[in-house]
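We have chain A; now place chain B onto it with these hints.
Each chain is listed here by its residues.
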Amino acid sequence: MTPETSIRWRRKDLLGIAELSPAEIELILDTADSFSEVGERAIKKVPTLRGRTVINLFFEASTRTRSSFEIAEKRLSADNINFSSSGSALEKGESLIDTALNLQAMAPDLVVIRHAHPGVPHMLAKRIKAGVINAGDGAHEHPTQALLDAYTIRRHKGRLAGLKVAILGDIEHSRVVRSNIHLLTKMGARVTVGGPRTLMPAAIEAMGVEVAHTLEDAVRDADVIMMLRIQLERQGRMSFPSIREYFQLFGLTTARLAAAKDDVIIMHPGPMNRGVEIASEVADGPYSVILEQVAHGVSVRMAVLYLLSGSYEEAA
Amino acid sequence: MAKNLTPKTTILDAQQMARIIRRMAGEIVERNRDLSHLLLAGIRTRGVPLAEAIAAEIERMEGRKIPVGVLDITLYRDDLSTVGPQPLVKGTRLPRPIDDCVVVLCDDVLYTGRTVRAALDELVDFGRPKAVQLAVLIDRGHRELPIQADFVGQKVPTSQSEIIEVAFEATDGAEQVRILERGTPG
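Each protein sequence line maps, in turn, to chains A and B. Take the first sequence: its position 5, counted from the start at 1, is 5 in my numbering, and no numbers get skipped. Take the second sequence: its position 111, counted from the start at 1, is 111 in my numbering, and no numbers get skipped.
Next up, chain A with everything else stripped away, as it sits in the complex (with noise of 0.2 Å):
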């Protein structure tokens, strides 16, 4: 942890890990740190935002991101208010325009925001004049996660540089695993990411990683190992031959464990498929900390909150 964060948050809006400085990443991480505190207490509530006003835009279904959001922004004392995306405008066929006048007409002062599709978060963010916090854009970025993740790592390592970091699994669909793979690079930690060759991008290396092809030489030595959740709703076909096989080469399981560290961590973004990704034996063993995940989620989610409803200045 840094001796003192002298940099203040200046950003209007959150929309990726990739526009951020290691020192704008450290700020979040240790406001984290104070909000987590708030948690503990018998009265889980702070006066800090009464009065301001979180719409909470999910236009792609979520249980976790969502009621983190809410828990952390009800902890805040902010009013907020749920628009999702059946039964919503857009449905009706409004377009997304549309949609984002409509919401600055209400003058809310931050909105959070998931959308199937990458960048209409920045859309909505150069359109409006409350704040955006991007909670998951299409295969492209959900820097919340990529900044919980982080804080579950530093309360277990004291750090991030010089760590060693396995992230498993479906590398192709998945934003979590670019959010992280930006986020860990800038804070110095080296990352490898393995899978099937159908779900790892072609040029994955130029974002600074490793690949590895199997799970064994994947998790070699590792300090963390991420997994990730087969999406299989975002396929357009299996790249697999049958979840059976999947387990079978690409599966965590304790024997698996023995290559990497000692004291190494098991972290999973949720939900996890049980027997497909992750065996139980380890998802509910001694080195995950997955529960605790969810746990830190909601003050890295307060601490966004709190930075991004001061006042910016706008970039000269």
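Keep in mind the hints are simulated off the structure, nothing from the lab. Please read all numbers here as calculations on a predicted model, not as lab measurements. By construction, the Cβ of each residue, glycine as well, lies at the ideal position given by its N, Cα and C atoms. Honestly, I wouldn't trust all of these hints.
Each pair of labels, with its calculated beta carbon distance range [what the hints assert, rightly or not]:
hint : chain 1 : residue 1 : chain 2 : residue 2 : range
1    : A       : A61       : B       : P67       : 43 to 53 Å
2    : A       : A161      : B       : K65       : 33 to 43 Å
3    : B       : R93       : A       : E19       : 25 to 35 Å
4    : B       : K65       : A       : A295      : 24 to 34 Å
Here are the simulated DSSO-like pairs of lysine-lysine, each with C-alpha atoms no more than 27 Å apart in a straight line [as the list claims (entries may be wrong)]:
hint : chain 1 : residue 1 : chain 2 : residue 2
5    : B       : K155      : B       : K8
6    : A       : K45       : B       : K130
7    : A       : K186      : A       : K164
8    : A       : K44       : B       : K90
9    : A       : K74       : A       : K44
10   : A       : K126      : A       : K92
11   : B       : K130      : B       : K65
12   : B       : K90       : A       : K12
13   : A       : K129      : A       : K92
14   : A       : K45       : B       : K90
15   : A       : K261      : A       : K186
16   : A       : K186      : B       : K90
17   : B       : K65       : B       : K90
18   : A       : K186      : A       : K157
19   : A       : K74       : A       : K129
20   : A       : K126      : A       : K186
21   : A       : K186      : A       : K12
22   : A       : K129      : A       : K12
23   : A       : K126      : A       : K12
24   : B       : K90       : A       : K157
25   : A       : K12       : A       : K45
26   : A       : K44       : B       : K130
27   : B       : K90       : A       : K74
28   : A       : K12       : A       : K74
Which bits of chain B does chain A cover? Going by a derived footprint, with three or more residues having C-beta under 8 Å, they are [stated by the list, open to error]:
hint : stretch
29   : 91 to 97
30   : 125 to 134
Just chain B, lined up with the frame of chain A:
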């Protein structure tokens, strides 16, 4: 924002500060006979070394360790919506439940009273203390809220263009209290 400050006078040196803190510790003990329920809570940043110094004095006098907590009132400030990026939050830490405790809030300077208001709001989120008292090293006047200190190191009449700078060994590498004058901009 450039700090355009010129030092005017040193009002307390290290020795004078130590004497005043000793006297304040004595007054706190005198007023609160039952030390077993006493808790000192320093308001970040310089209320914390003050609380620790008072606790050390009480231990010297009474042979009893008084728990010291740290309050970060940032999340309770009433000026968060005014222009500027959000201030850093560094966290609150209270060493024990505060129910039925006498909590002595400690801060270096009492000025508008808004910080103390925020601290009181934060405290009640942690429980229901038996009583809350306020100890400040310097009371400089200009209150904007009906708040007074129970234990005052020194009253220093000031003008609003002046700034009181309290330095502690732990946070600033020196112990002294100075008056600085805000320079004219430009």
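Comparing the hints with the structure gives:
no., hint, in the structure
1, A61(A) to P67(B): 43 to 53 Å, "holds, 48 Å"
2, A161(A) to K65(B): 33 to 43 Å, "holds, 38 Å"
3, R93(B) to E19(A): 25 to 35 Å, "holds, 34 Å"
4, K65(B) to A295(A): 24 to 34 Å, "holds, 33 Å"
5, K155(B) to K8(B), "holds, 17 Å"
6, K45(A) to K130(B), "holds, 22 Å"
7, K186(A) to K164(A), "holds, 14 Å"
8, K44(A) to K90(B), "holds, 17 Å"
9, K74(A) to K44(A), "holds, 9 Å"
10, K126(A) to K92(A), "holds, 24 Å"
11, K130(B) to K65(B), "holds, 20 Å"
12, K90(B) to K12(A), "holds, 22 Å"
13, K129(A) to K92(A), "holds, 25 Å"
14, K45(A) to K90(B), "holds, 16 Å"
15, K261(A) to K186(A), "holds, 23 Å"
16, K186(A) to K90(B), "holds, 24 Å"
17, K65(B) to K90(B), "holds, 25 Å"
18, K186(A) to K157(A), "holds, 17 Å"
19, K74(A) to K129(A), "holds, 22 Å"
20, K126(A) to K186(A), "holds, 26 Å"
21, K186(A) to K12(A), "holds, 21 Å"
22, K129(A) to K12(A), "holds, 9 Å"
23, K126(A) to K12(A), "holds, 10 Å"
24, K90(B) to K157(A), "holds, 20 Å"
25, K12(A) to K45(A), "holds, 24 Å"
26, K44(A) to K130(B), "holds, 22 Å"
27, K90(B) to K74(A), "holds, 20 Å"
28, K12(A) to K74(A), "holds, 21 Å"
29, 91 to 97, "holds (count 3)"
30, 125 to 134, "holds (count 3)"
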